[in-house]
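J.: Here is what each chain is made of, one letter per residue.
2 protein chains.
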Amino acid sequence: MKNSHLNGDEVHENGGCDNDDVVLGVDGGTTSTVCVCVPLLPLISNQNLPNPLPILARAVAGSSNHNSVGESASKDTLEKVMSEALSKSGSNWSAVRAVCLGVSGVNHPTDQERILHWLREIFPSHVKLYVHNDALAALASGTMGKLHGCVLIAGTGSISYGFSKDGREARAAGAGPVLGDWGSGYGIAAQALTAVVRAHDGRGPQTALTDRILKALSLSSPDELIGWTYADPSWARIAALVPDVVSCAESGDQIAHKILVDAVQELALSVKAVVQRLSLCGADGNDSFPVVMVGGVLEANKGWDIGKEVINCIHKHYPGAYPIRPEVEPAVGAALLAWNFLMKESERHHNS
Amino acid sequence: MKNSHLNGDEVHENGGCDNDDVVLGVDGGTTSTVCVCVPLLPLISNQNLPNPLPILARAVAGSSNHNSVGESASKDTLEKVMSEALSKSGSNWSAVRAVCLGVSGVNHPTDQERILHWLREIFPSHVKLYVHNDALAALASGTMGKLHGCVLIAGTGSISYGFSKDGREARAAGAGPVLGDWGSGYGIAAQALTAVVRAHDGRGPQTALTDRILKALSLSSPDELIGWTYADPSWARIAALVPDVVSCAESGDQIAHKILVDAVQELALSVKAVVQRLSLCGADGNDSFPVVMVGGVLEANKGWDIGKEVINCIHKHYPGAYPIRPEVEPAVGAALLAWNFLMKESERHHNS
Numbered sequence: 038m039k040n041s042h043l044n045g046d047e048v049h050e051n052g053g054c055d056n057d058d059v060v061l062g063v064d065g066g067t068t069s070t071v072c073v074c075v076p077l078l079p080l081i082s083n084q085n086l087p088n089p090l091p092i093l094a095r096a097v098a099g100s101s102n103h104n105s106v107g108e109s110a111s112k113d114t115l116e117k118v119m120s121e122a123l124s125k126s127g128s129n130w131s132a133v134r135a136v137c138l139g140v141s142g143v144n145h146p147t148d149q150e151r152i153l154h155w156l157r158e159i160f161p162s163h164v165k166l167y168v169h170n171d172a173l174a175a176l177a178s179g180t181m182g183k184l185h186g187c188v189l190i191a192g193t194g195s196i197s198y199g200f201s202k203d204g205r206e207a208r209a210a211g212a213g214p215v216l217g218d219w220g221s222g223y224g225i226a227a228q229a230l231t232a233v234v235r236a237h238d239g240r241g242p243q244t245a246l247t248d249r250i251l252k253a254l255s256l257s258s259p260d261e262l263i264g265w266t267y268a269d270p271s272w273a274r275i276a277a278l279v280p281d282v283v284s285c286a287e288s289g290d291q292i293a294h295k296i297l298v299d300a301v302q303e304l305a306l307s308v309k310a311v312v313q314r315l316s317l318c319g320a321d322g323n324d325s326f327p328v329v330m331v332g333g334v335l336e337a338n339k340g341w342d343i344g345k346e347v348i349n350c351i352h353k354h355y356p357g358a359y360p361i362r363p364e365v366e367p368a369v370g371a372a373l374l375a376w377n378f379l380m381k382e383s384e385r386h387h388n389s
Numbered sequence: 038m039k040n041s042h043l044n045g046d047e048v049h050e051n052g053g054c055d056n057d058d059v060v061l062g063v064d065g066g067t068t069s070t071v072c073v074c075v076p077l078l079p080l081i082s083n084q085n086l087p088n089p090l091p092i093l094a095r096a097v098a099g100s101s102n103h104n105s106v107g108e109s110a111s112k113d114t115l116e117k118v119m120s121e122a123l124s125k126s127g128s129n130w131s132a133v134r135a136v137c138l139g140v141s142g143v144n145h146p147t148d149q150e151r152i153l154h155w156l157r158e159i160f161p162s163h164v165k166l167y168v169h170n171d172a173l174a175a176l177a178s179g180t181m182g183k184l185h186g187c188v189l190i191a192g193t194g195s196i197s198y199g200f201s202k203d204g205r206e207a208r209a210a211g212a213g214p215v216l217g218d219w220g221s222g223y224g225i226a227a228q229a230l231t232a233v234v235r236a237h238d239g240r241g242p243q244t245a246l247t248d249r250i251l252k253a254l255s256l257s258s259p260d261e262l263i264g265w266t267y268a269d270p271s272w273a274r275i276a277a278l279v280p281d282v283v284s285c286a287e288s289g290d291q292i293a294h295k296i297l298v299d300a301v302q303e304l305a306l307s308v309k310a311v312v313q314r315l316s317l318c319g320a321d322g323n324d325s326f327p328v329v330m331v332g333g334v335l336e337a338n339k340g341w342d343i344g345k346e347v348i349n350c351i352h353k354h355y356p357g358a359y360p361i362r363p364e365v366e367p368a369v370g371a372a373l374l375a376w377n378f379l380m381k382e383s384e385r386h387h388n389s
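Read top to bottom, the protein sequences are chains A and B. Note that the working numbering has the first sequence beginning at 38, numbered continuously upward. Note that the working numbering has the second sequence beginning at 38, numbered continuously upward.
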């Protein structure tokens with residue numbers, strides 16, 4: 038370990054660094070964990086980021102969500118994925134200047150503290166450690182590290198997360214199926230399954246979703262859907278039916294269409310709630326701000342484009358909102374955040 | 038074992054029986070299993086049922102839902118609870134003429150066959166065995182064994198189940214939370230929790246549900262609700278909040294009121310779907326038929342009476358529908374069904 042790393046508060050006065058210093062960005066999701074290792078370039082701001090970004094190495098491991106796998110396995114996975122990224126990049130633990138971890142399941146300050154505590158057991162005190170919800174890393178993956186604007190994530194689950202220029206943050210939705218995230222992939226598919234059951238038992242109109250979904254699941258009758266949902270409570274398994282719902286809506290099925298329209302309203306509402314609370318749109322409502330769009334539900338579809346409809350809906354209220362579809366993955370967003378935080382500390386040091 | 042029991046097809050020609058012959062009625066729920074042992078009285082029809090019914094003994098055990106506890110434990114529990122009821126009544130296995138089991142989770146003919154197979158391992162072939170969904174036992178508990186009309190069960194879950202005079206059956210809802218049973222106790226409480234989260238993150242209006250529910254759960258902020266719902270996925274734990282929702286509605290909270298109004302619509306719709314499919318209301322829509330009301334959600338509350346509102350809603354469409362709140366428990370309903378089935382076989386035997 039180099040001497041320069043032994044002093045916890047030391048930051049290079051010019052915002053620069055040793056040539057072999059690195060930063061780790063980690064995206065800890067419910068299904069997998071991705072770590073990227075990037076060099077700590079002598080940057081002053083994110084205006085002069087190299088394009089493409091220099092990524093020394095990338096490593097992938099299983100889930101590090103402590104709610105799913107427990108604390109001990111989560112810590113082991115994190116240590117393993119970081120070790121692998123360092124090894125692949127020809128670097129080592131002593132070259133690490135900062136780590137930023139974006140983790141799903143960080144909903145409360147106590148979650149953050151617990152994870153920081155584990156990380157501190159791995160890294161010496163001079164290494165800068167940042168732990169946030171994975172939504173922050175997703176925002177940074179769209180804004181290239183700049184903490185301003187709103188991110189909307191709609192995959193299996195959904196969440197809207199935002200940051201204002203003066204450092205305030207807000208979130209909406211992201212509470213899971215029990216607490217009504219109806220714009221999520223799970224929410225869309227659960228509504229479609231419900232529509233099939235209702236058509237079958239006489240509570241609702243017939244829909245093309247019935248044939249489409251039964252075929253997708255290799256079932257012969259809607260009665261069998263009950264057993265199918267009970268057999269495995271995984272939300273991702275249900276959310277996987279979203280393309281079938283989109284396909285039915287594209288073919289003109291009114292029930293499928295209505296489910297997607299409702300999902301668009303829900304997703305746009307969660308963005309609006311964040312924009313409103315943070316006044317991202319300014320006093321007159323016309324300020325410009327980015328809306329980073331992440332997740333399978335928002336990816337461009339052929340006919341029925343959920344992401345485009347959400348943006349249209351947001352535009353009606355906030356003409357200054359501009360959509361960004363990230364070109365880098367959330368783990369890179371996490372690395373950019375770490376970079377960004379280090380630069381800010383360097384500036385503070387420089388100005389003091 | 039008496040000789041009269043060794044002939045599988047033997048039924049007493051006068052519909053009568055030995056003095057010590059008994060029938061077992063079992064209500065197999067998700068949380069507990071109840072078995073009652075009743076004497077096989079020489080009845081011709083259910084018009085001359087003794088009041089009160091003679092119940093020789095009652096025994097209670099844990100869950101026998103094979104989805105929850107597995108097949109082996111389910112069978113052990115059933116055998117134990119029946120053995121205990123027989124022992125308490127001073128009877129024994131050889132005195133059993135018929136068993137009727139009403140089990141939650143019987144949604145498909147294969148479920149029925151599997152359970153009949155287990156029961157057949159316990160009882161010799163001359164004992165009549167009947168396995169049905171618990172909704173059928175609940176219907177029988179209201180109609181005193183007569184298979185005609187509709188039953189609406191709304192506890193943690195909800196289901197509507199009906200039988201026509203010509204022997205057709207139909208069900209609606211009862212598919213669980215994923216498939217949208219929004220009139221159930223779980224559904225009502227999940228909507229209330231969602232309303233609290235939406236008020237907190239700016240997607241919905243403020244509601245008295247926030248203070249009421251946080252107090253009930255000893256939480257300090259709606260943020261903590263996410264962790265609370267993830268900590269234990271039990272539906273009953275969520276459904277236990279229904280009295281708080283009713284209480285807020287009674288105090289004039291519009292959000293709570295709207296949740297209950299929607300639940301009433303959902304429950305009434307599930308009854309209507311069954312009535313329509315079975316033509317229980319007759320060609321002119323005015324025929325008389327019973328609607329048996331079962332479960333905590335439908336019990337009379339002080340101000341906001343969900344069960345009464347459901348009946349009002351059904352009455353508007355079907356003036357001949359009359360509500361019955363059962364005076365006996367579902368296990369007795371199951372015993373009455375067994376009785377009823379035996380009598381029918383006896384009549385067939387008599388007429389042939």
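I should point out that these hints are in silico values taken from the structure, not numbers from a laboratory. Since this is a predicted model, take the numbers as computed values, not measurements. Please note that a few of the clues may not be correct.
One copy or any two copies: either way a pair holds, since identical chains are not told apart in the list.
Listed below are the simulated SDA-like cross-link pairs for lysine to any residue, each with C-alpha atoms no more than 20 Å apart in a straight line [stated by the list, open to error]: (1) K202 - G213; (2) K202 - E384; (3) K353 - G239; (4) K345 - D248; (5) K295 - W219; (6) K381 - E206; (7) K202 - C318; (8) K353 - L251; (9) K339 - H237; (10) K339 - P259; (11) K183 - E158; (12) K202 - K252; (13) K183 - G357; (14) K112 - H352.
J.: Going back to the hint list, which numbers does this structure go against?
T.: 1, 4, 8, 9, 10, 11, 12 and 14
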